[in-house]
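There are 2 protein chains.
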Amino acid sequence: MKLSNRILDMQESPVRKLVPIATKVKKQGKKVLHLNIGQPDIKTPDVFMDAINAYDTSIIKYSFSQGEPTLINAIRDYFKRDDILFDEDDVIITNGGSEALTFTAIATCNFGDEILIPEPFYTNYNGFTKAVDVKLVPITTKAEEGFHLPSKNEITKLITDKTRAIMFSNPGNPTGTVLSDAEMEMIKEIALENNLYIISDEVYRGIAFDGLNSRSMGELDGIDENLIIIESVSKKFSACGARIGSILSKNKQLMKNILKLAQARLCVATLEQVGAAALYQLVPSYLESVKDEYEKRRDIVYETLNHIPGVVCEKPTGAFYVVAKLPVDNAEAFVIWLLEEFDVDGETIMLAPAEGFYATEGLGVDEVRIAYVLNSADMQRAMAILKQGLIAYNK
Amino acid sequence: MKLSNRILDMQESPVRKLVPIATKVKKQGKKVLHLNIGQPDIKTPDVFMDAINAYDTSIIKYSFSQGEPTLINAIRDYFKRDDILFDEDDVIITNGGSEALTFTAIATCNFGDEILIPEPFYTNYNGFTKAVDVKLVPITTKAEEGFHLPSKNEITKLITDKTRAIMFSNPGNPTGTVLSDAEMEMIKEIALENNLYIISDEVYRGIAFDGLNSRSMGELDGIDENLIIIESVSKKFSACGARIGSILSKNKQLMKNILKLAQARLCVATLEQVGAAALYQLVPSYLESVKDEYEKRRDIVYETLNHIPGVVCEKPTGAFYVVAKLPVDNAEAFVIWLLEEFDVDGETIMLAPAEGFYATEGLGVDEVRIAYVLNSADMQRAMAILKQGLIAYNK
Chain A
1 MKLSNRILDM QESPVRKLVP IATKVKKQGK KVLHLNIGQP DIKTPDVFMD
51 AINAYDTSII KYSFSQGEPT LINAIRDYFK RDDILFDEDD VIITNGGSEA
101 LTFTAIATCN FGDEILIPEP FYTNYNGFTK AVDVKLVPIT TKAEEGFHLP
151 SKNEITKLIT DKTRAIMFSN PGNPTGTVLS DAEMEMIKEI ALENNLYIIS
201 DEVYRGIAFD GLNSRSMGEL DGIDENLIII ESVSKKFSAC GARIGSILSK
251 NKQLMKNILK LAQARLCVAT LEQVGAAALY QLVPSYLESV KDEYEKRRDI
301 VYETLNHIPG VVCEKPTGAF YVVAKLPVDN AEAFVIWLLE EFDVDGETIM
351 LAPAEGFYAT EGLGVDEVRI AYVLNSADMQ RAMAILKQGL IAYNK
Chain B
1 MKLSNRILDM QESPVRKLVP IATKVKKQGK KVLHLNIGQP DIKTPDVFMD
51 AINAYDTSII KYSFSQGEPT LINAIRDYFK RDDILFDEDD VIITNGGSEA
101 LTFTAIATCN FGDEILIPEP FYTNYNGFTK AVDVKLVPIT TKAEEGFHLP
151 SKNEITKLIT DKTRAIMFSN PGNPTGTVLS DAEMEMIKEI ALENNLYIIS
201 DEVYRGIAFD GLNSRSMGEL DGIDENLIII ESVSKKFSAC GARIGSILSK
251 NKQLMKNILK LAQARLCVAT LEQVGAAALY QLVPSYLESV KDEYEKRRDI
301 VYETLNHIPG VVCEKPTGAF YVVAKLPVDN AEAFVIWLLE EFDVDGETIM
351 LAPAEGFYAT EGLGVDEVRI AYVLNSADMQ RAMAILKQGL IAYNK
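Just so you know, the protein sequences line up as chains A and B, in that order. Residue numbering for the first sequence follows the numbering used here, beginning at 1 and increasing consecutively. Residue numbering for the second sequence follows the numbering used here, beginning at 1 and increasing consecutively.
Same shape as in the complex, but just chain A (with noise of 0.2 Å):
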């Protein structure tokens, strides 16, 4: 039986990939600290298992197709505290980012149309696209400039007449990077100059350091029409496998049409939006003190990176990951090796390659991305297996 060519087309997960390869070092003994994925280990908010347990349950019923209102409402609350306002039908209800961003994708691009995306990006996002037929044309940053955007002439040519947005995570997996003012206000400018939609992934948003304020798209003017928020509970709120996103809107031809989408596959799970709903009615502080965990994380990680000869990596400033150059030919080999061969009393790493995060082939191939989504105490140990890793490496 044949399968079809856009299923064949697509790439494994470069991040899901090497797991099988873990999974046997941890059968024969081996304790991996996972570096791999962003998954923290932080808890979820209690009040999210609060909210599920006093809600109705006796029958689990549909949810609307947009999504529950309390859900809805606490979304618009969130953005409220910015002085973002948003309609109750600005907002759609999604499973996860992931949805989202198909959602989007699907609504802003015909077959064969083009999005422009800084690279590395988020490698899920080839995923989403290539399997409703939209291309995503690289804008390539680098590790020595700490992944910030080229120039707006860089950019502007390669706008082709098939582009349909221009799409960013802020803070940025995989680079930790957080977009200047000055970014952002090229990007408007882009947009609105070639008639752009702007598709900014937030999901990271609030995880900004060194008191930097990582700004939603959403706070700048004249963009109604172009702007769609990805919003998502699971990173902010450790909650990724509730698998509650959503999508942000002002403009309402649009999002009466993806409303389509959404009623198409009837709706998202009601519980975890009732738990969710709790979570976006956190106190501001309780975002405050997660993020305040990221940034001393980070700060162990920089510290150790900047101290190995050979690494290239600027600070990252937000999200909680890093993208660096290490003194290897191939980091993939490298992962692997670390996986297979090597140890400190019984334990190693594992990151991800970041190959699989860039579009232009030949990029990314001696740099990993590490998800500081642990502890201080085992950050502390992942980063000295990494140093002493590089060594026994080169050797």
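No lab work stands behind these hints, which were simulated from the structure alone. Some clues are possibly wrong.
Okay, derived cross-link-like pairs now, DSSO-like style, lysine-lysine, Cα gap no bigger than 27 Å in a straight line [as the list claims (entries may be wrong)]: (1) B:296 - A:2; (2) B:2 - A:162; (3) A:2 - B:17; (4) A:61 - B:296; (5) A:256 - B:24; (6) A:24 - B:250; (7) A:250 - B:162; (8) B:256 - A:24; (9) A:256 - B:80; (10) B:250 - A:17; (11) B:17 - A:256; (12) B:135 - A:162; (13) B:296 - A:17; (14) B:17 - A:17; (15) A:2 - B:157; (16) A:26 - B:256; (17) B:250 - A:135; (18) A:256 - B:152; (19) B:61 - A:31; (20) A:2 - B:395; (21) B:157 - A:135; (22) B:17 - A:250; (23) A:61 - B:2; (24) A:43 - B:61; (25) B:30 - A:61; (26) B:61 - A:291; (27) A:2 - B:2.
Keeping the supplied structure of chain A fixed, place chain B upon it in accordance with the hints.
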């Protein structure tokens, strides 16, 4: 800002588009009995919440992309009752049957490919397939014939070089028709002779009346490479809001590729999977009692319909729907009239106009789908309202 053609081409859910009218009259104080959507009033078994509360919820973590092993094994055991043996990698958990259908369409069809489907059919099939550029080619079935399939010859002449699959729900939504053994064998023959996938939506399996055994296509030999089964807890376990579905197939290459789609969206909600595993582990007599309850309701509905002059409707044998031809010119106009202009002691009913369940223009205009999802007393009252409504409308 332009929207994509594919989203503009999508139809609004015909089942949900009349909801604003119902909302309006309810605000005016009218009571509406909802026979328009498949949301049963049966309690979700307590084991669902019990399992979730017994689970470690301190961090709501990502599940596996393929799904929680306990749920996968519970589904395998559920099929084993009918001697249908699936390996662990033959099952992928999805966000409801909806995502299962979308993944299946993407994996089996290139852009512009075709899937054969008996009409009237579950209207959301349109949404899933339109979004991923797959064309549904209808095999027309008729109320007068109890919506059973036409001859093999009638079906095969619809096959083109773009046809990739034959898809159906059994027991059928919206028809309530259970496929006969001969029909199942015919589908098998057509698939084998024309190299088609068989997409068997079995989310209502087990809900079959009059001593009928609603078999799984998985019981048939020789179609391991062709067969894809769609499962869901929504209807059998009255857990529509859990959004837990699955794809089952012994075609290893297919499942390996569908897993890439599952990886791209990371996972399905973790807690809902834990609850769903407990549902599939319920003793078989639970499903037997659910079937008995729907059979009682079916009898009430059919008894009334059978005594209204001008109504055409064969006795449905499964699921919890019936499509009936009414003695009206336009069923949608009648449905709206029932909501806006009619009531019996302040109470009225909402039905689903059946036109949206047909792909062939002009069919189903005088038909409605009735979902018998309310308890016997409510169904009695609802059917009396329908009967009186028809008399009043035709005066």
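Hint-by-hint comparison with the structure:
Using a Cα cut-off of 27 Å, the hinted pair residue 296 (chain B) and residue 2 (chain A) is violated, with the two alpha carbons roughly 44 Å apart. Taking the CA atoms of residue 2 (chain B) and residue 162 (chain A), the gap is near 12 Å; set against the 27 Å cutoff, the hint holds. Between residue 2 (chain A) and residue 17 (chain B) the CA atoms are separated by roughly 38 Å; this puts the pair beyond 27 Å, and the hint is violated. A C-alpha spacing of about 22 Å is found between residue 61 (chain A) and residue 296 (chain B), which places the hinted pair at or below 27 Å, so the restraint holds.
Annotation: proposed proximity of residue 256 (chain A) to residue 24 (chain B) holds, straight-line Cα distance about 20 Å (limit 27 Å). Among the hinted pairs, residue 24 (chain A) with residue 250 (chain B) is consistent with the structure: their alpha-carbon atoms are about 25 Å apart, no more than 27 Å. A C-alpha spacing of about 40 Å is found between residue 250 (chain A) and residue 162 (chain B), which places the hinted pair above 27 Å, so the restraint is violated. Between residue 256 (chain B) and residue 24 (chain A), the direct Cα distance comes to roughly 20 Å. Compliance with the 27 Å bound is thereby established for this hinted pair.
Our distance criterion of 27 Å between C-alpha atoms is broken by residue 256 (chain A) and residue 80 (chain B), whose separation comes to about 44 Å. Under the criterion of a C-alpha separation no larger than 27 Å, the hint pairing residue 250 (chain B) with residue 17 (chain A) is consistent with the structure, at around 22 Å. Using a Cα cut-off of 27 Å, the hinted pair residue 17 (chain B) and residue 256 (chain A) holds, with the two alpha carbons roughly 12 Å apart. The suggested pairing of residue 135 (chain B) with residue 162 (chain A) holds, with an alpha-carbon distance near 24 Å, which does not exceed 27 Å.
Of the supplied pair hints, the one linking residue 296 (chain B) and residue 17 (chain A) is violated, its CA atoms being roughly 51 Å apart against a limit of 27 Å. Note on residue 17 (chain B) and residue 17 (chain A): the hinted pairing is violated, with a Cα-Cα distance of about 43 Å set against a maximum of 27 Å. Taken as a hint, the residue 2 (chain A) and residue 157 (chain B) pair is honoured in the structure, with Cα atoms around 21 Å apart against an allowance of 27 Å. This hinted pair checks out: residue 26 (chain A) and residue 256 (chain B) have alpha carbons roughly 24 Å apart, not beyond 27 Å.
Note on residue 250 (chain B) and residue 135 (chain A): the hinted pairing is violated, with a Cα-Cα distance of about 32 Å set against a maximum of 27 Å. With a CA separation close to 42 Å, the supplied pair residue 256 (chain A) and residue 152 (chain B) exceeds the 27 Å bound. For the proposed pair residue 61 (chain B) and residue 31 (chain A), the alpha carbon gap of about 20 Å is at most 27 Å, so the pair holds. Distance hint between residue 2 (chain A) and residue 395 (chain B) is unfulfilled; the C-alpha atoms sit about 57 Å from each other, more than 27 Å.
A C-alpha spacing of about 37 Å is found between residue 157 (chain B) and residue 135 (chain A), which places the hinted pair above 27 Å, so the restraint is violated. A C-alpha spacing of about 22 Å is found between residue 17 (chain B) and residue 250 (chain A), which places the hinted pair at or below 27 Å, so the restraint holds. For the hint linking residue 61 (chain A) to residue 2 (chain B), the alpha-carbon distance of about 36 Å lies beyond 27 Å, and the restraint is violated. Among the hinted pairs, residue 43 (chain A) with residue 61 (chain B) is consistent with the structure: their alpha-carbon atoms are about 10 Å apart, no more than 27 Å.
For the proposed pair residue 30 (chain B) and residue 61 (chain A), the alpha carbon gap of about 22 Å is at most 27 Å, so the pair holds. The suggested pairing of residue 61 (chain B) with residue 291 (chain A) holds, with an alpha-carbon distance near 19 Å, which does not exceed 27 Å. A distance of roughly 35 Å separates the Cα atoms of residue 2 (chain A) and residue 2 (chain B); the hinted pair therefore is violated under the 27 Å criterion.
Violation of the numbered hints given earlier is confined to hints 1, 3, 7, 9, 13, 14, 17, 18, 20, 21, 23, 27; the remaining hints are satisfied by the structure.
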